[in-house]
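K.L.:
Those protein sequence lines, which keep their order, are chains H and X. Count the first sequence with numbering that gives the first Met the number 0 and you get residues 0 to 187, in order. Count the second sequence with numbering that gives the first Met the number 0 and you get residues 0 to 187, in order.
Calculated directly from the structure, the hints in this document are not laboratory data. Every residue, glycine too, gets a C-beta built ideally from N, C-alpha and C.
Example chain X residues on the side facing chain H (calculated, C-beta under 10 Å, incomplete):
| # | residue |
| --- | --- |
| 1 | His34 |
| 2 | Thr43 |
| 3 | Glu47 |
| 4 | Thr50 |
| 5 | Ala84 |
| 6 | Arg97 |
| 7 | Pro187 |
2 protein chains.
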Amino acid sequence: MCKNITEFTNLQNFLDHGWSGIIRGVADAKSPARHPTLATVSETNAPEIRTVVLRKANQKNSTIQIHTDKTSKKVRDLSINSNGALHIWLPKSRLQIRLNIIAKIQTGSDVKDLWDRVPERSRISYGTVPAPGTPIETPLAYQQPSNSERFAVLKCQVIKIELLHLGLHHIRAQFSASSDWKGTWLAP
Amino acid sequence: MCKNITEFTNLQNFLDHGWSGIIRGVADAKSPARHPTLATVSETNAPEIRTVVLRKANQKNSTIQIHTDKTSKKVRDLSINSNGALHIWLPKSRLQIRLNIIAKIQTGSDVKDLWDRVPERSRISYGTVPAPGTPIETPLAYQQPSNSERFAVLKCQVIKIELLHLGLHHIRAQFSASSDWKGTWLAP
Chain H
0 MCKNITEFTN LQNFLDHGWS GIIRGVADAK SPARHPTLAT VSETNAPEIR
50 TVVLRKANQK NSTIQIHTDK TSKKVRDLSI NSNGALHIWL PKSRLQIRLN
100 IIAKIQTGSD VKDLWDRVPE RSRISYGTVP APGTPIETPL AYQQPSNSER
150 FAVLKCQVIK IELLHLGLHH IRAQFSASSD WKGTWLAP
Chain X
0 MCKNITEFTN LQNFLDHGWS GIIRGVADAK SPARHPTLAT VSETNAPEIR
50 TVVLRKANQK NSTIQIHTDK TSKKVRDLSI NSNGALHIWL PKSRLQIRLN
100 IIAKIQTGSD VKDLWDRVPE RSRISYGTVP APGTPIETPL AYQQPSNSER
150 FAVLKCQVIK IELLHLGLHH IRAQFSASSD WKGTWLAP
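The shape of chain H in the complex, shown without the other chains:
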């Protein structure tokens, strides 16, 4: 439901509201926050953007976690330029959430614990042969074995959050780690 405007006259409340929307995406597979879009910068200095699945979110540490295939283009992009941006639109709250992040790519023994908890049926997302993005002759000329060596975790440090609430009047604010998440209102 649309939040009343009076709920957003306090920066800390607004930030908490944003985080609770993000965190809901981890617990609730039906929340739109479950599938943010992730933007990266490619080696040719062009942006790339795609849907990802939100696996963890922690307001206290300002961290977000995403799982992916080590050979995917997003991992290549982030290994060259670790700056990323995540976008979530929550239609019921009419809230746009924008996160700027720095991604650290972890694989192998560093993420063995996480791999062990990936359900069997989901493991086929890590190991496609040929690797994701490889040209193939026919649409189904690929296989999906599960391969723990291909499992990569993007540990994302959130450095900035921008919230935009589209109400009768638009309300926008920005929060950054560098200013200890105190935040400031912005003209929308």
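Since chain H is already given, all that's left is putting chain X on it; use the hints.
P.N.:
Okay, now just chain X, sitting in the frame of chain H:
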């Protein structure tokens, strides 16, 4: 509705299906294609991502049009690095559409015809005082006069389209202007 897999064994059909999803966003304000996310690269070489409104789409010329405020951050980003990326997710078709574009920013007399057709009630989106993104003391400390001088049109030349259909088997293909939109299947 979910398209049957057999509909996507022909690259041209798949591309046409993608474009028809995009174009629907122009005519139908309720289509998810109405509100793509646009990624740009900021002057610090980090990606930025936000929702935009799709105003025009033309498969024949491979063009997309977006309206915005001339003083917005996305215009600044694109004036330095004209590479952009658009993302659309169509839940009913289970289709992810990714577009790589080169944006040309037009303002003033070049877009007078378009401004004349912007409905009165929408004109307040162009002219916010202070400019969008300016820190303000309280959430509503801004005004929204209409200002034709602030109206900017992003004329986007599409250079690449990538489609991913999430079905029983995932189907992915990429099409580029440089290969005359012939396209190739990709491992998903």
